[in-house]
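Asker: Please model the complete structure; the sequences and the hints are all you need to start from.
Protein chains in written order, with the numbering used here: chain A, 1 to 236; chain B, 1 to 222; chain C, 1 to 48.
Check the hints yourself; a few may be wrong.
As the list claims (entries may be wrong) - BS3-like cross-link-like pairs, simulated, lysine-lysine; straight-line CA separation at most 27 Å:
| hint | chain 1 | residue 1 | chain 2 | residue 2 |
| --- | --- | --- | --- | --- |
| 1 | A | K3 | C | K38 |
| 2 | C | K33 | A | K2 |
| 3 | A | K2 | A | K219 |
| 4 | A | K3 | A | K219 |
| 5 | C | K33 | A | K3 |
| 6 | A | K219 | C | K33 |
| 7 | C | K38 | A | K219 |
| 8 | C | K38 | A | K2 |
Unchecked claim - Partial list, computed: chain C residues near chain A (C-beta under 7 Å):
| hint | residue |
| --- | --- |
| 9 | T5 |
| 10 | D8 |
| 11 | A14 |
| 12 | A15 |
| 13 | I18 |
| 14 | T19 |
| 15 | L30 |
| 16 | S40 |
| 17 | A41 |
To be verified - Sample of chain A residues lacking proximity to chain C, with all beta carbon distances greater than 10 Å (derived):
| hint | residue |
| --- | --- |
| 18 | V96 |
| 19 | W115 |
| 20 | T122 |
Honestly, the hints are just simulated from the structure, not real lab data. Where is the CB? At the ideal position from N, CA and C, for every residue including glycine.
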Amino acid sequence: MKKTLILLYAAVTVALMIWGFYQAIYVAPSDAMQGEISHIFYYHVPNAMLAFLFFAVSLLGSIGFLSFRRSHPERAQISDAWALAGAEVGVIFCTVVLTTGPLWGRRAWGIWWTWDARLTTTLVLWLIYVSYLLLRRFAAGPQVQTLAAVLGIFGALDVPIVYMSNRWWRTQHPAPVFGGGPDSGIKDPAMLAAFGWNVLAWAAWGIFVLLLRYFVERKHQLNAEAEAQEELEANA
Amino acid sequence: MTRALWTHLVKDLRIEWRSKEAINSMLFFALLVVVLFSLAFDPRGSFAQQISGGVLSVATMFASVSALNQAWAREIRHQVLDAQRMTPAPGAELFLAKVIANFLFVMIVQIVLAPVFMVMYNLRIGGQPWQLLLVLPLGTWALVANGTFFAALSIRSRNRELLLPLILFPIFMPALLAMVQATTAILTGESDPTLWIKLLVGYDIIFTTVSLLLFEVVLHAE
Amino acid sequence: MDPATQIDHQFVVAAYIITWTLQLGYLAWLGLKWRAEKRSADRRLHSR
Chain A
1 MKKTLILLYA
11 AVTVALMIWG
21 FYQAIYVAPS
31 DAMQGEISHI
41 FYYHVPNAML
51 AFLFFAVSLL
61 GSIGFLSFRR
71 SHPERAQISD
81 AWALAGAEVG
91 VIFCTVVLTT
101 GPLWGRRAWG
111 IWWTWDARLT
121 TTLVLWLIYV
131 SYLLLRRFAA
141 GPQVQTLAAV
151 LGIFGALDVP
161 IVYMSNRWWR
171 TQHPAPVFGG
181 GPDSGIKDPA
191 MLAAFGWNVL
201 AWAAWGIFVL
211 LLRYFVERKH
221 QLNAEAEAQE
231 ELEANA
Chain B
1 MTRALWTHLV
11 KDLRIEWRSK
21 EAINSMLFFA
31 LLVVVLFSLA
41 FDPRGSFAQQ
51 ISGGVLSVAT
61 MFASVSALNQ
71 AWAREIRHQV
81 LDAQRMTPAP
91 GAELFLAKVI
101 ANFLFVMIVQ
111 IVLAPVFMVM
121 YNLRIGGQPW
131 QLLLVLPLGT
141 WALVANGTFF
151 AALSIRSRNR
161 ELLLPLILFP
171 IFMPALLAMV
181 QATTAILTGE
191 SDPTLWIKLL
201 VGYDIIFTTV
211 SLLLFEVVLH
221 AE
Chain C
1 MDPATQIDHQ
11 FVVAAYIITW
21 TLQLGYLAWL
31 GLKWRAEKRS
41 ADRRLHSR
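Answerer: Take a look at the structure:
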């Protein structure tokens, strides 16, 4: 039963991705000003939205872990698995954003990169969560989860500060802003539809991958616990 | 100041005073960075004024990391952390004492380095000099407070020396931006550093508070 | 297609390929990880 559901979900995801691709490339018209390059938008922006969502999941996981550490150990482990899954999948989606963005920017606005609030914040967010993953890989000892959770909270705390500081910086030294100003928006219904479909498709994909990562981590935790238990019993 | 805080602080200051190893290595490292940047960017005239804020901040960052890597080394070697865990005194006081001690060391380095730096870069202060006395300590506090905290986080990792800057620098970036912008504003006199000073104050308050609250967690996780 | 649009098109293709490489690559890596965990669990169950 479970296997069928998973396969069904995977099939729906693949279908959505194909439909989204078709919408983005063949149905949505090219932007009047930007031209052909605007089609990157339909992959770039959904990935950005989802990256932020998954980083938020990671933050909640970190908070959950620290809260449940003493009272509900199993709930803490589950939270930690979410923290790791959210961070890793978030980094993947964020990498997509940071690589497709410059390709878009170079053709649409003539520059690969600029240090405006949005881009800088996204880059720093990426750096913070990569450092989080590095801590988890390199820190040894039984308390990696606690330390990682603390770092996760610190990192998340920093993000709004990065955004604000960069906004102020750009008030003093105006610089190009990627993605247009406040009154640019999608007005063409065909574009809106393509965007909507791709948000749905990437959300389906992202959630699928997130769940997979979560379950792999849970499996890993349970394996490690069982091994530790065996060691204890062997030595008893 | 409570007794535990004072004891820890005096201990760190006294040990450093005897060996001066942290201050000496920091001083030399910072000087090297300043010279390296001179070779890389050839600071002249108004260009030097523009980049000196950045150079000073980055020099401080690299120099501090070399000291912060060793911040908890003595405590680990002599099982001080275990002893601390057994006492009723809050771990936050040990943390705060270490931050204050490292803060003083880095400030000493900056005070010694500043005249040398001003000479090498032919700097003139276009704005209000007294504001530098606000900006540099605030920025340094941000670096040292977060750095000491993350040094405690990475104690047990294999690549401790490598990991500390990797997790410290991303989070430190807004404070770095503020420090650089404020210093440049003061040196060139071209803009108002008040906003950046406020940002630094806010950053310091937020992260010092969170560090103090979470240090106990980290201490017992080691 | 004029040359500018051609380059635009190439950039779009590159962006989509990069996206897919990253996403599918990660999925593949996850699959390997899943298999490794499953094997480790099975090994333990059978060795008892």
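Asker: Determine for every hint whether it applies to the structure shown.
Answerer: Here's how the hints hold up against the structure:
Simply put, A:K3 and C:K38 have alpha-carbon atoms about 16 Å apart, close enough for the 27 Å limit, and the pair holds. Distance hint between C:K33 and A:K2 is fulfilled; the C-alpha atoms sit about 20 Å from each other, no more than 27 Å. Between the alpha carbons of A:K2 and A:K219 the distance comes to roughly 17 Å, so the proposed pair stays at or under 27 Å and holds. For the suggested pair A:K3 and A:K219, the alpha carbons sit about 17 Å apart, so the restraint of at most 27 Å is met.
For the given pair, C:K33 sits about 19 Å from A:K3 by alpha-carbon distance, which is consistent with the 27 Å threshold. At roughly 10 Å between alpha-carbon atoms, A:K219 and C:K33 fall within 27 Å of each other, so this suggested pair holds. With a CA separation close to 8 Å, the supplied pair C:K38 and A:K219 stays within the 27 Å bound. A hinted pair counts as satisfied when its Cα atoms are at most 27 Å apart, and C:K38 with A:K2 qualifies at roughly 17 Å.
Given the 7 Å rule on beta carbons, the hint for C:T5 holds: about 5 Å separates it from the nearest Cβ of chain A. Taking 7 Å as the C-beta contact cut-off toward chain A, the hint placing C:D8 at the interface holds, the least distance being around 4 Å. Interface restraint check for C:A14: the shortest CB-CB distance to chain A comes to about 6 Å, inside 7 Å, so the restraint holds. For C:A15, the interface hint holds, since its Cβ comes within 7 Å of a Cβ in chain A; the closest pair sits about 4 Å apart.
Taken as an interface hint, C:I18 checks out: its beta carbon lies about 5 Å from the nearest beta carbon of chain A, inside 7 Å. The interface hint given for C:T19 holds, since its Cβ lies 5 Å from the closest Cβ of chain A, which is under the 7 Å cut-off. A least Cβ separation of about 5 Å between C:L30 and chain A falls short of the 7 Å threshold, and the interface hint therefore holds. Interface hint at C:S40: satisfied, since its Cβ lies 5 Å from the closest Cβ of chain A, which is below the 7 Å cut-off.
Given hint, C:A41 at the interface with chain A, holds; its Cβ is 5 Å from that chain's nearest Cβ, closer than 7 Å. Here A:V96 does not stay apart from chain C, with its beta-carbon only about 5 Å from theirs, under the 10 Å limit. Separation of A:W115 from chain C is adequate, the least Cβ-Cβ distance of about 21 Å exceeding the 10 Å criterion. Even its closest Cβ contact with chain C, about 15 Å, leaves A:T122 beyond 10 Å, as expected for a residue assigned away from the interface.
Of the numbered hints stated above, the single one contradicted by the structure is hint 18.
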